[in-house]
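Student: Here's the letter readout for the chains.
2 protein chains.
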Amino acid sequence: MPSPPPDWVKALKPSDPQGSEILDEERSQSSVAVDRLGELLHTKQALDRQQRILNLIQHEKVFDKSQNHSLGRVDRIQRSLAKGKRLQQLAEQHNWSQEDYHQANELIGEPTPYGLHATMFLVTLREQTTPEQKKLFLERAEKYQIIGCYAQTELGHGSNVRGLETTATWNSDDKTFTIHSPALTASKWWIGSLGRTANHAVVMAQLYINGKNYGPHPFVVQIRDLQTHQPLENVYVGDIGPKFGYNTMDNGFLLFNNVKIPHVNMLARFASVDKNTNKYVRPALATLVYGTMTWVRSNIVLQAGGVLARGVTIAVRYCAVRRQFQDRDATEPVGENPVLNYKMVQVRLLPLLAAMYALHFTGRGMMRLYQENQNRMKQASEPGQEKRGAGPEELRAGADLLADLHATSCGLKALASTTAGEGLEVCRRACGGHGYSSYSGIGPYYSDYLPTLTWEGDNYMLTQQVARYLLKAARAVLAGKGTDNDTSKILQAYLARRDKGASFDVLEDDGDIVAAFAWRTAHLTFEALKHRDVEKRSWNSLLVDFWRLSTAHSQYLMVKNFYDAVTSPELAAELDPETRGVVHKLFRLHALHTLEREAAEFFSSSAVTTRQISLTRTNAVMQLLDEVRPHAVRLVDAWKIPDWQLDSSLGRSDGQVYEDLFRRASQENPVNELTFDPYPWNASVLKEPKSKL
Amino acid sequence: MPSPPPDWVKALKPSDPQGSEILDEERSQSSVAVDRLGELLHTKQALDRQQRILNLIQHEKVFDKSQNHSLGRVDRIQRSLAKGKRLQQLAEQHNWSQEDYHQANELIGEPTPYGLHATMFLVTLREQTTPEQKKLFLERAEKYQIIGCYAQTELGHGSNVRGLETTATWNSDDKTFTIHSPALTASKWWIGSLGRTANHAVVMAQLYINGKNYGPHPFVVQIRDLQTHQPLENVYVGDIGPKFGYNTMDNGFLLFNNVKIPHVNMLARFASVDKNTNKYVRPALATLVYGTMTWVRSNIVLQAGGVLARGVTIAVRYCAVRRQFQDRDATEPVGENPVLNYKMVQVRLLPLLAAMYALHFTGRGMMRLYQENQNRMKQASEPGQEKRGAGPEELRAGADLLADLHATSCGLKALASTTAGEGLEVCRRACGGHGYSSYSGIGPYYSDYLPTLTWEGDNYMLTQQVARYLLKAARAVLAGKGTDNDTSKILQAYLARRDKGASFDVLEDDGDIVAAFAWRTAHLTFEALKHRDVEKRSWNSLLVDFWRLSTAHSQYLMVKNFYDAVTSPELAAELDPETRGVVHKLFRLHALHTLEREAAEFFSSSAVTTRQISLTRTNAVMQLLDEVRPHAVRLVDAWKIPDWQLDSSLGRSDGQVYEDLFRRASQENPVNELTFDPYPWNASVLKEPKSKL
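Chains as they are written, first to last, in UniProt numbering: chain S, 1 to 693; chain L, 1 to 693.
The hints are simulated quantities; they were obtained by calculation from the structure and are not laboratory data. This structure is a prediction, so every number in the text was calculated from the model and none was measured. Where hints are given, some of them may not hold.
Since the list gives no way to pick out one identical chain from another, each pair is judged satisfied if it fits inside one copy or across any two copies.
[Said to hold, decoys possible] Listed next, the in silico BS3-like pairs over lysine-lysine satisfying Cα-Cα at most 25 Å (straight line):
no., residue 1, residue 2
1, Lys536, Lys687
2, Lys275, Lys61
3, Lys260, Lys13
4, Lys61, Lys687
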């Protein structure tokens, strides 16, 4: 590492006011109850866990983050595997729960090569295996005796699972399957933990029995030798190369040349091949499989709030510390103004501050609904339930709710991850020049987060599922067959009042805000239905309308969930009136800022008058920015993201922004060990291998 | 590098249809005259130059790009310096012009550590030196005997140049200046080429004479020894560390501890200190300095089209090759649909295709205006011109035009770079999962481009300059003192017709489209003026309105410039009617898509009826997407970006997307040389130092 700076440099401080004094002052101007709010958001238990794990890992050298952004992929991925190994050792040593392990991964802040083993591989084995297969695969996988991955997408095939090319052909003679890649585009691609780490894979392949295709099914295939870790014969496997982020993960490719696997390697809980009859046995409960994706997407919604919170925490603290220009209307010199006082900065950051709360409450609402339904369905499907007469009906009701949850989770996954991903970039830019430094902590995190906008359903593709569901619901309502769920209700309410028109008072009545969002969704639903069913327009020509519709619907759900949360007894019980008041302002800021940004649709659906929208923008939102501003630092403090996790000079909770940027640049930056030979006529680029700074 | 794949892998091809056949077919379905259009855009001379330089450099090993995305910063920056050196050698050997050198840099596709020497350092020395200083500094710098940088921004000070802390104190006793950094925040920061390369810097510092501050001025300071390349005494200098992009550049920091420099080191063309009287000599022609920033910004506008074109070229070609899902309305199996046929993809990519043309024509218009004015002013300011009586008036008129150009360039710089930067990310996401791979060629380029949104004036900050200019122009028009420039005219036209109202026919009349954009700008200008002058609202409370106003004005300028280009005699002379027709459709797509996206402001300013906007969206834009779609591949071909420059598997002009992704992943990816030991209980992460794939 570079040599330390001379004494005259060490003696330098930032010019006044000091960052730490500034943040102290920011915190003193608000009485938001940071700890109570933090516990409401995360629970005390989770915050205690975070502190406990943090104490354990933050000083271990293997988890050091200082070189993350300077190293190349070859070094980074090895260090990341070392982190993964150490985490696994700690997990065993301290008998960590799943939550503990997940928390530790969050804190170290990068995907490790064990990532997909620890999630998708284990989850798939848990959910889709028979008891015999659990013994054979799951037990060994849980002990890391076999390391696996989940190999679905292919070089030529992403979202469309039915288009996969890899085949699994049943050999009735020797009771095996042959796994084969018939073309280059059949190569598995993007598979996390596959490139260098896994020795097993769950491979999704088109099942062929006696020449007939039964569609994609999951097979466990060993791909590397358990001792030498070399690929097995007729398996070609490797890492797919550098990426925009996620470079500590070995996303991989995988080709098979007629590889035989035994019968037991087809994951057989839901569908299987009968060894004796050589017949396909149909899946029993497809909806439960379907449920996994819903769970994954709901989780993305919940996490999106926390993702955005990292960017907002960094940007809000830094923009409070950063000073730039005098106020233009100031009549005498008063020193430079904190950047966070500028309306152009506020209007970018404070609605994101509100959005991170909205996402959190929405995600929590969804997870609760999902868990309740899963528990109910699991009970109903357990053997013996049929006797009590509750089984089949409950299962059907549950499946209906799951369909609703599925559509909801699709739309919200798209909106939430887009909001979080794009929000991080807004935060980065709001930090001005220093936002571009990796020491800002935003850029690298943004890069790692971006795939979330594409995986588990591309955010644009997903909106079709929402539209399909809403059109179906609208047809049912028009035919008098609406159910009593919320979607039916908002469609019915719109129909009942359509001719009379709406005149929601979004400025004075919070309930009316929610109603206006519902109205807009219903309006767009019936517009789309007219295009499709009456005008018979092609599906393709309506994709843009569907995307708008899905976005509108998901915005409605976020506004509604946030409204439910701020009016809940829980909030009233847990928070003092002032803190509650500020959270309530966040709700209004989120809703009215969204309304104003989407003004054209609120105009054209006649949900709100043009006068109200104009007042929303020029008065209500501007006033809310003024009102939220003094609480901004405490509102991000309440999220309780440890400094070590943020890994940001700009976002330090003590405000020592400039000291930390300088320390890292001068002391942790390996480029400063190089002494260039700067002259073009000298071929060598370095003067000598090592140098003084 | 990894060992080659086995024969059974080598025998694999992508499944049909092959990418090369697809692009052939795409090209055969359009008769857009690619070569003629390319020459219209770039000139034949520039295209010939591109080919000549490309032939010279693309096969030199030093310029190899294959490891760019895998290596860490220490390796990358050394390789980049080697590239910079080699380019300089070639420049001398082949007697390259400035344009040749610039072209070569564009082709190699990354900033080298010479970047700021070759641009800002030399430009500043050329423009701000006396003849004596030219001999002393410029001549040596041009020969790379001294290597320099331009050190303005500081750790605590960016946009606000007046807030800089570094001081230059005149010592009347020994006729020197003392350069000093009084605080840590005074450290120069972000200075390109400073970290490891430069041995000189132009340092912007507050000039103090006899205790009085005369504001920031430029000084040449030697910072490293010309032989050892070690920092001089009382100079602390280094690289500021890893960044979101631009990692081949050594952006640096720099602190001074009372360093003395001679009198001649203050760049003295415009302002100086008189050695004998110890008095400050006022700047003669500040507007010329002012002009440099205008030139830099105009250049950013022009380049933004080309930047966006890279992303659009890649995304359009790939989305033509990529197939996913059957058409939902298809009644029988027809194979998967090219992604580019989906309206949701078209509506993201084709307006960007139109925008890249709009940016190009707008940038070219601005550069022309700037050059004409510079030439006129240079003539007018030459000695002897006063005698002919033309000097002072011309200078004043020129200065007025420069003020207009300055405001225009601020707004357009913001809009253009935001459009290009955000557009690249839209292109990357439109490529789905593979867009995330570095081999897409978009991500790394996007990361390198992003600082353009912040430097040379933060894109949000700049919009205040535009608003200030428009408010001033509106006040003049209201006072009957409008000039005959375009800004005055659109404001006057609006006032004349405001009470009567507008009813522009944007669907049928292209001239009306331009008029509608002008109307909206004028409307927002007078609204803002009312808020400021009548309602006396604070500057800060209006920043969001100003940003909207600047955006609206710049969108008007883009639409107007594009309209002028497509109706120009030049276009009619150079292009056949069909090609011209397609370019004309691009104009309409650009204008109407922008109008529709900003619908709320066109509503509320009554520029266009709600009915017309609704028809714009559902009919006009959708139809234009259909009409432009068949020409998309040829329209990106016309931009003539060489494959070697694109450096993209997805954007290859031959369509061999999957072969190239696979080749790079398996053959150019150093991660595949590692053999992991995957078990957590083994401390070592590697089985052996090298492995077979």
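Student: Against each hint, give a clear statement of whether it holds in the structure.
Tutor: Hint check:
1. In this assembly of identical chains, the alpha carbons of Lys536 and Lys687 never lie at most 25 Å apart, being 73 Å within a copy and 62 Å across copies at closest.
2. Taking the shortest alpha-carbon separations for Lys275 and Lys61, neither the intra-copy value of 53 Å nor the inter-copy value of 58 Å comes in at or below 25 Å.
3. When the C-alpha separation of Lys260 and Lys13 is checked against a cutoff of 25 Å, the pair qualifies only between copies, where the shortest distance is 22 Å, while the shortest distance within a copy is 68 Å.
4. Proximity of Lys61 to Lys687 under the C-alpha cut-off of 25 Å is restricted to the inter-copy arrangement: shortest distance 22 Å between copies versus 32 Å within a copy.
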